[in-house]
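Student: Please build the complex by placing chains B and C on the supplied structure of chain A, with the hints as guidance.
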Amino acid sequence: MIIEQKLKELQIVLPEAPKPAAMYIPVKQIGNALFVSGQIPFRNGELVYSGKVGSERSLEEAQDAAEICVLNIIAVAKEYLGNLDKIKNVTKLQGFVNSEATFNKAHIVVNAASKLLYEIFGEAGRHARTVVCTNELPLDATVEIEAIIELIG
Amino acid sequence: MIIEQKLKELQIVLPEAPKPAAMYIPVKQIGNALFVSGQIPFRNGELVYSGKVGSERSLEEAQDAAEICVLNIIAVAKEYLGNLDKIKNVTKLQGFVNSEATFNKAHIVVNAASKLLYEIFGEAGRHARTVVCTNELPLDATVEIEAIIELIG
Amino acid sequence: MIIEQKLKELQIVLPEAPKPAAMYIPVKQIGNALFVSGQIPFRNGELVYSGKVGSERSLEEAQDAAEICVLNIIAVAKEYLGNLDKIKNVTKLQGFVNSEATFNKAHIVVNAASKLLYEIFGEAGRHARTVVCTNELPLDATVEIEAIIELIG
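Protein chains in written order, with this note's numbering: chain A, 1 to 153; chain B, 1 to 153; chain C, 1 to 153.
Don't read these hints as lab results, they were simulated from the structure.
Treat each hint with caution, since some may be false.
The list treats identical chains as one, so a pair stands whether inside a single copy or across any two.
Using 35 Å as the maximum straight-line C-alpha spacing, the simulated DSBU-like pairs for lysine-lysine come out as follows [to be verified]:
1) K88 x K115
2) K88 x K19
3) K6 x K115
Bound conformation, chain A alone:
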């Protein structure tokens, strides 16, 4: 339980894995690749951050939202895998930042998520990444992040 130990060291308590409220599932596996559905900043059933960066939300709030998205990614992966040590690599993140059309720091928002993955998984947590803004997100969430995770074969 190496990753669980690491979470403890970092004093991170995973939120409960968000349940999809609709006709999709949190993760789906193809070969060794685990596709994780886009996660928004829910914490234990409550949307913690809604509103746009550049007006309603600060950069710091959006970074916090990005971290919660990543914890949800880990939480749904854990629910599916049972044991987080089955994760070989975080392969890719795609991040969407709900923002005003003048907010050009989406990469700095999602970098908080990337940093957190590195702290938890070390080199295995370093990933390819695409970050863009969007004019709106489901439930007006501030950030949405999806992931592709490589599992131990």
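Tutor: Leaving out everything else, chains B and C in the frame of chain A:
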């Protein structure tokens, strides 16, 4: 021809597979994964839904557009595979909803696509999903959806 | 060195591979699939195109930006692979065009990237593709493109 039979039961007639008007192809395979290009609501050569949700289009119209996108995904997969029974799983959808910056129900739009996949493919049709809004789409289409499909090995 | 030869014939000099300024990496491999991080129009350390299409940037400028993104995709792949002849296929592009909410030609922007890939890689360069607009991009870049590349097994 299990899936074709299911389509008949559901009284679904697949549209003709949209031809890319440009330098890309509708699907490309890597291993058992079939990447399907983003589909917009074309039906037999005509764009059925353009315009933004939250002003020019209703939620119901956008849901209908999402269903047409999914039928196009199935149509281009069929054109490539010959037989839809070669599909093992729908792994992932990514949906983009052309909307006003205040429309926070993109997930409900794309859920119509997810439901339709479940009706057609059953459990194999349940997928991971990411849905976001966008301020505009090619040809001002109302919805665009791409897919990753797992093929029988 | 077939692809290097082809680049010479086309008189294309690859830019230096952009270094991520943050906690992610330019590419990450899973099996034979190489995920390339979203590239923006940097050329040798300088962002060549910023600003939105439909107001601050013309269609032609955005197409030029899309070509630079693709050259950066090739540059980071080369840095990782050493030899571009290890590329079997360009599987998928995802393109984001920073635009006004009325600009409905994002597909024509990113088609310049698709054309360039076809010129360089021939049939192997033909790919599945998703193109959308976005209200903003990191650093106000005009275009961002990510890729999935299949490597020779």
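Student: None of the hints should be skipped; say for each whether it holds.
Tutor: Hint-by-hint comparison with the structure:
no. : hint       : verdict
1   : K88 x K115 : both (17 Å within a copy, 32 Å between copies)
2   : K88 x K19  : both (24 Å within a copy, 24 Å between copies)
3   : K6 x K115  : within (14 Å within a copy, 39 Å between copies)
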